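Fit chain B to the supplied structure of chain A, relying on the hints for placement.
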Amino acid sequence: MNKIFSKIGLAVLLLAGTASLTSCEENDFDMIGTSSSQEPYVTSQTSVGEVNATILEVKERFCSNSATATFVRNDKNFYSRVDEDIVITGVVVANDISGNLYQTLLIRNMEPSGEDQCIILGVKNTCLYPYFQLGQRIKVNLKGLWVGVYSQVPRIGQPVKSSWDNLNLGPMLFELLRENVELVGRPDPSAPELVPINLTGTEGDAWLRASDNRAYYNTPRLATIQGSIREVKDANRDKLDYGSDPDLPETYGKAEELSPNGKKIFAPYNLHDKGMAVDRTIELYSNNSTVSLRTSTKIDLSYEELPEDGRNYTGILTYYDKSWQIQVRDLGDIIPNHP
Amino acid sequence: MTKGIKLTAAALLVASGAYAQTTADSLQVLDNADFTFTESQLDEDNDAAQTVATISGSKSDPYYSEVGYRFSPMRFRVRGYDNMYNSYYMNGLQLNDLELGRFSYGMVGGMNDATRNQEGLSPFDYNRLGFVGIGGATDVNARAGRFAQGSKITLSGCNRNYVARGMFSHATGYLPSGWAFAGQIGYRWANEGVIEGTFYNSFSYFLAAEKKFGDKHTLSLVTFGSPTQRGQQGASTEEAYWLANSHYYNPNWGYQNGEKRNSRIVNDFEPTAILTWDWDINEKTKWTTAAGFKYSWYSSTALGWNGDAYDPRPDYYKNLPSSVFNVYDPDVNNPDYLAQHPWFLEEYNTLKDYWMADDANRQINWDRMYFVNRQNEAAGGEALYYQERRHNDQMVAAFNSVLSRDINKENKYTVGASFNFTKGMHYKTMADLLGGTRYTDVDKFAQNDYGPGAPEIQNDLRNPNAKIGVGDKFGYNYNIYVMKARAFGQYQYTKDIFSFDAKGYVEGTTIEREGLMQNGRAPENSYGKSGMAKFLTGGGRLGIQLRPNNNHIISLNAGIQNEAPLARNSFVAPRIQNNFVDHLTSEKIYSTELAYRFRIGDVTAKVAGYYTLFTDGVEQTAFYNDQENRFTYLTMSGIRREHMGVEAALKWDITSNLSFNVLGTLSDARYTNNPLAQVNYEGMNAGTIAELNQWQNPVTGENMPLQVLAKGMRTNGTPLTALSFGLNYNINGWFFEINANYYDRVYIDFSEYRRLGNIVTAPTNSGKSWAVVSTEEDLVTFIKSQDVKDYSGIAFDAEGNILATRAAEQEKCKGGWMLDLSIGKYIRMKKGKSLSINLQVQNLTNNCNMKTGGYEQNRDDNYSSGNERAYMFSKNPKYYYANALNAFLNIGFKF
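First to last, the protein sequences are chains A and B. The numbering of the first sequence is my numbering, which starts it at 1 and goes up by one. The numbering of the second sequence is my numbering, which starts it at 1 and goes up by one.
Note that these hints are calculated values from the structure, not bench results. Among the hints, a few may not be true.
Stretch-level coverage of chain B by chain A, calculated; a stretch enters the list once three of its residues show a Cβ under 8 Å from a Cβ in chain A [unchecked claim]:
{"no.": "1", "segment": "298–309"}
{"no.": "2", "segment": "450–459"}
SDA-like mimics (lysine to any residue), calculated; alpha carbons at most 25 Å apart, straight line [unchecked claim]:
{"no.": "3", "chain 1": "A", "residue 1": "Lys161", "chain 2": "B", "residue 2": "Lys495"}
{"no.": "4", "chain 1": "A", "residue 1": "Lys274", "chain 2": "B", "residue 2": "Pro452"}
{"no.": "5", "chain 1": "A", "residue 1": "Lys161", "chain 2": "B", "residue 2": "Pro452"}
{"no.": "6", "chain 1": "B", "residue 1": "Lys484", "chain 2": "B", "residue 2": "Leu584"}
{"no.": "7", "chain 1": "A", "residue 1": "Lys233", "chain 2": "A", "residue 2": "Arg221"}
{"no.": "8", "chain 1": "B", "residue 1": "Lys467", "chain 2": "B", "residue 2": "Asp441"}
{"no.": "9", "chain 1": "A", "residue 1": "Lys139", "chain 2": "A", "residue 2": "Leu56"}
{"no.": "10", "chain 1": "A", "residue 1": "Lys274", "chain 2": "B", "residue 2": "Lys484"}
{"no.": "11", "chain 1": "A", "residue 1": "Lys274", "chain 2": "B", "residue 2": "Gln627"}
{"no.": "12", "chain 1": "A", "residue 1": "Lys139", "chain 2": "B", "residue 2": "Asp441"}
{"no.": "13", "chain 1": "A", "residue 1": "Lys274", "chain 2": "B", "residue 2": "Lys495"}
{"no.": "14", "chain 1": "B", "residue 1": "Lys789", "chain 2": "B", "residue 2": "Asn847"}
{"no.": "15", "chain 1": "B", "residue 1": "Lys495", "chain 2": "B", "residue 2": "Arg405"}
These numbers come from a predicted model, not from an experiment. We put the beta carbon where it would ideally sit given N, CA and C, even for glycine.
Same shape as in the complex, but just chain B:
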């Protein structure tokens, strides 16, 4: 924790000059970080790491103003879009991470008051920021002068990721000298969060200064950061949850010397500074220029193991009772068969009893790893188990300049330009040798494949067989450079009942990798620069709005744009080599939306329908491949997805202090083609990988382009159906709110690996997953068969042409209700002081069965012999569950 203390101490020094602030109080405890995580990791952590993708707090839109917060317990994403399609601006500068596309909410964690002045923007809204993502934008105004004068102390207690929070803020308002200062410090803490084995330790600071120069110029500087250390939760299978008797079982921790130790710990600190110059050229013309700098440290730990060391994950499938016999096979799982083969049930019960006897039995066994390491070293070997720290550091310099002019009452425009340079630094270090003292930097899986003396085993041929100690870099080390420059413009024309919007942009993007190690599996293309991939992209949106009177607004919007691929998806195996993925091209997005907003009497409402088509998308998943025992990248290109749906919001002010509201969406978001696929294993050289990427037509024997059978798969990890009914009541400073929320059609993440063409048609799958059919009837019979439902299927004609494909069924989680309640009291005191107390209870009925998502395991059900395993990976996805009954008490005192 030395580093953590240093960071905290450094922040303390910075913050000691802070002034604090007061902002308008609010009943809502609007803090995404309270409910969600944010990560900068590879896909293996994605499901635990989703942030709520929404444009929060849109003041003018009754749907957007509520939906993000209301549905956050289920990790709702607006329209099923990935977070990368949402833009996040602060003081005129976009803060999305160029490598991942997403905004990291960890940057502003615990800064509720500092980021409270925010506005949500739909993608089609006229704005003064720029051309925002198709998912809309959040615009935070954190200029010091915008905070109301005064101080505030906030104390919170909850049973979520953290259990206690303290915040202090102060703002001076504009002083006679033209200066304004504001600041906030906070701390969030949990020795153990609501999920067993997790912890939370986060300090946050926010400092802002603003100076007016005359009537026209204002300079604003903000700097903020939130050094955080936290233990992570991991997903597990339904069987493990059953054995642990909890849907909140966390396999990431274990006892060491009697204390709980988490194996996956995130350290995150993203100090950021933004300097903004606002120039009010005249009453109609404003020019805002912002420049920012960020240097972030992000790391997460994970266990590693070598040689014949047994997989240390407690929920490793071989540890589970269902690994003994195929419990899903009625030919095996029946009384007669089990009576004839009594050992199956005996062994099953042995493992079941072992799991259930003691919580230590179902958690990581740290002592065992230490013991094995010591014994192995005593035998002349080296550490077999270790804990590695994967770093994703980043340096960002960004600039945005926007000129907006209201020409007259009818015409206005905004033009601007932005630039962003991002350097991502990716490497891993040895976090802990777990009782060992020696470790050599070679790839142990490659050693099995190529032999102990082969050059392929070296992770860095320039430093072969490097001896690694705690803190040393090993395995991989590379930088990713991304540059993005954009020019954009918007124009709005308003005349009587009619309004017309047009906006467009043109953008240039470059992506480059710089390898700092020469990897033995890719000696010619791992060290040095990859060369630049360059993309020239652009797009535009048009919108028409009819406003027959102030109570009715109809708008029709449409857009077309293409976007450069993300850097994180652009390299076939970024940890190893410089090669770009094949078919790397920009993604095209076609979007349209029709919306109607009205006010009739005491009822305000909005109904909207939308359709968005994404084509030529590129997605990469990176995962530890249990089938091949090595880290694997699987890239899909040429992806085509459709998102469509209906959104509605209604609010009925029954009386002046009682209102009823309804909110909901019914949507769909699915893949509509079978994208091209490219697979890369870290432990293999180019020749072996080329073989793995071959897909032979099982009828003709000829090679075909490798594809993933993804057609029909849904976007995962968000409810595609979400409905909410709420009541609000306030009287004499008391506030009551109750919401009943219904969620359905949450799909889990499908395994692309299990749906790879050459896996589906592998000889081990023969008879299950592909067939030559000659009649329409045979085709229908085959495609509808249970095997195809379970394992995917491809129907060929006699000449080897593909007649039809069907992806293995993707699991849809059961829907259900959750009830949320909020009670608050606002007490106005003398001399402008006030006290606000708010208790928020989520999931009042303690519905512990709501899955927020999950993912299939990347392994098929057969041995290489073609025979079925006892353990059915296809039947055992890993899930995340929404929090059980939880409460958040917040007390704020303004003075």
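Just chain A, with the same shape it has in the complex:
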């Protein structure tokens, strides 16, 4: 029997060693969990160069005239490759925090000279806002990137073939942030660039009506406009009688979705267009001009009820042909006129 117990002892020793080894991989990380503070460096950790151009200079060179562009799809879509070290700076004044802006950052810089310009930096990734918070100053070295206009809106990015088979200036690869983009300091919520251009009131309405203002140096911009949404009063619509598009069979002929309260919402899915968004019409206070309010579908904002009263709308203001369009950054950009 002693022999047996000596063998049991051996077994216990073996098991004791086993137990000590069994504290294994997975939950070591549970302990690291919340204490892990390593930042994922998605942007360049070294200088991308000294700033040597303004946003306006870049827009003048690459966005003002299709004749000099490397690739021209039409006069509203053209772009050029940047082959030299052109470094610009700006503050992130709009990002994708609500999902309403897709793969889009709006960069704005106010020069001491008074120049106040914005340009879109497209980045091929969702969820950019954790890396590019509002008020974050960045530098962008444009070498290797493409600059031009997409639907008349100046932007930095790389060409892409769209789902509609068009060759457009799309977002730059996320992986190129490591080479071309540098964060400058920490986000500054009080940066003056975050104050939108005020286009409310009759003066603002007049500015929006003036056709001369529809120029590359005025688009895109962070602005506030004032008005009320026309569709609140209109009858419910469907794809057959407004914005119908037989290329979108899944929504063709379907009635407009309403909120649980029976009210109209910003962006019912079954009204979406090719860009998976819905345009509503803001009637400015002067009542004889309008701005399109463009909202993506399938985000929380799209299910919000359309306000029945007048509001201030802040967002990225752009134009296409003769029409201005605004895209808000999130729900906080829609505030009553008279709080």
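Frame of chain A, contents of chain B only:
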């Protein structure tokens, strides 16, 4: 790991009373778990999870005795059958999982010595167990008294899933008191397995006690378990393998604070106890009754993400260079076009260089997920990324009683009954919030579809907007109850050269789901009991054997049976709702086999041909649908499959210590119809799902029953052609074995989703996948066109009748050779001690190009606009490769 330590400590306490054992030594290191995984997961893990479906170690059959082990590196399954058709018995009790049908080899992982006393049975063999599966059975006799007296220590080193193994076993043999004890403990470990980013940590214990009561009664109790934690390997595309410069690239892991962390970790512990009563009523009559109980914990982790969070999988298609432009389109991928559009190649090279620059770039970026979560919470949100743990726990009570009687030399019979109650408990918990602190239990995809205030977004309307912390249940929570009762009988008549077998059974099965959450997408049919689905099934087999003399045996066998569907296939969306799938019915199996075994001189051989027809089968795949961005169930019913082939084995004893053997099969296993289909998305309510299940005839506009174009598709993940040539030599205690194995016709798993009727004929596919044809010539031209080959096709006549269908071609992997070698030495020592050393080398030529299987991605190549994507999902299946050159050194010391 607290749980792991507790489990180990608990096992330690149990095992401290263990006695050890000695068994007959063997050259073969017969351990399926060494070469294969076993899982209890949904289909998304199936390809990484196949066990070798074979009846291992059939002593009397030269084919079955070798085939499972020999072909295991390629995950060979006998006759292409799913593992659910193989039965596994231990001490008279069947241990197959009633929900999945399969036996989980994880239950006996690391218990090589304990399970060595096993015998393989063909489905037509007369046996004393019961009516076994059409794939045959493995019968393990692990009664304590069957182990030879003595102790054994085994130490092993290898470069496989684990790198080190230690085992200790002891057996007392029968003591004068009538007691016998046996036990084994073991440990398998790898800080990193042969696949990068995986690890292995497994303890195992086996305890057996047996007591004889007089000459007639014996009670035997065994209890065993193998608490295991391991990191998993994932399949990836050929492009990712190329970029990583390895066919063993594993996308499941990434660096966190400089250390490798695997995102998919399995925890498995299935403690089991079996009590067996053997009653030798008389010399001719035996009655064996076994009762068992199992309570298993199985979980696997996976990453989850919400909102607009970027897909964290490193091989997500948008991260791959080929997502930039269609590299398969000669109109795009040519020097002229690329020169005119230089950005395509620039972006392609940017991504290629990024992938190739650093291994961290092609792995999961944990730091990024932690950062995003923290930033999002700082902005007032909650965790966007998390790691969930999917639990599939189970409680099983089983009983089997068999009376066998040899009436005389010519007649014998066996009758018996069995019962099994299984309760499967399925839920998920929050494993890690990855730096976040807040998470609300709502379905974020439903939130996109129905809005943030809609009831559809709630995973549990009885506990809406529940705040979830680490360890909390969320998402889904349900039980599955399966009960199975069976009565069976066998009879064998033997007279001179003639032998006749008959066996049959009748079985009742009930299946029921109990929802523990009221899901907002199915508020009326998710909480509470589903009601029982009941199936009365049965079948029989007949066999005739002619034995003109002892050297020649000819047998002809045939069987017919029907089997209840598996619980795992029975509900349209088990994680969400109680509804049973439509057309749920029992599967019919018709099988026949003709075999000839002979011995001529020094040559023994077997040749067999078989044909098996399965009809009315039900299969369900569950997968994350990239196309729809939601978890999807696709159920096929009314499936018809044919399996047929030839098997052969030959052994030539050239001298007393040198032998040559040949082993092989040439088989086919294919779907022969287009089964009915039912699709269910987790994030959608009943109305939306009903729309998705509609299939409108593109010619008439009328609704048709939704089907999957599966006709002609092959069973996947096993070589349908396998050949082996081997030499064995032994001299003076040395053993040498070399085998050259050829494998071919491994098919990858086809995507049912891509072959769904309403996907094939969707407007986005117009002109490619369906056509109205008026002449035979047009029909042939269309069906043979490249588009149909790539995307499936349906030819209609002018009235909308289907004239012909063709499923998109299923990829057949390239065949090839693998060379295996084994060298061993047995040293007999004084006082009955012995030492055995065995080195086994697999894939000696380091053939790294042998695919063991894979699966197509469940996504089509077009945008909703109908235009082609840049990335071709149809050209980018995910693959698994057989292990590269690997070795297993085993040293056993008996004392």
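Outcome of the hint check:
Using a Cβ-Cβ cut-off of 8 Å, 4 residues of the segment 298–309 of chain B lie near chain A, which meets the minimum of three, so the contact claim holds. Given a C-beta distance limit of less than 8 Å, the hint that chain A covers the segment 450–459 of chain B holds, as 4 residues qualify and 3 suffice. Of the supplied pair hints, the one linking Lys161(A) and Lys495(B) is violated, its CA atoms being roughly 78 Å apart against a limit of 25 Å. Using a Cα cut-off of 25 Å, the hinted pair Lys274(A) and Pro452(B) holds, with the two alpha carbons roughly 24 Å apart.
A C-alpha spacing of about 33 Å is found between Lys161(A) and Pro452(B), which places the hinted pair above 25 Å, so the restraint is violated. For the given pair, Lys484(B) sits about 17 Å from Leu584(B) by alpha-carbon distance, which is consistent with the 25 Å threshold. The straight-line distance between the Cα atoms of Lys233(A) and Arg221(A) is roughly 29 Å, outside the 25 Å bound, and the hint therefore fails. For a cut-off of 25 Å, the pair hint linking Lys467(B) to Asp441(B) stands: about 6 Å separates their Cα positions.
As the CA atoms of Lys139(A) and Leu56(A) are separated by approximately 15 Å, the hinted pair is consistent with the 25 Å bound. As the CA atoms of Lys274(A) and Lys484(B) are separated by approximately 54 Å, the hinted pair breaks the 25 Å bound. Taking the CA atoms of Lys274(A) and Gln627(B), the gap is about 17 Å. The hint holds against a cut of 25 Å. Distance check on the hinted pair: Lys139(A) and Asp441(B) sit about 40 Å apart at the alpha-carbon level, beyond 25 Å; violated.
Only pairs whose Cα atoms come within 25 Å are accepted, and Lys274(A) paired with Lys495(B) is rejected, the gap being roughly 80 Å. Between Lys789(B) and Asn847(B) the CA atoms are separated by roughly 30 Å; this puts the pair beyond 25 Å, and the hint is violated. Restraint check: the Cα-Cα separation between Lys495(B) and Arg405(B) comes to about 17 Å, which is no more than 25 Å; the hinted pair holds.
In terms of the numbered hints stated before, the structure departs from hints 3, 5, 7, 10, 12, 13, 14, listed from lowest to highest.
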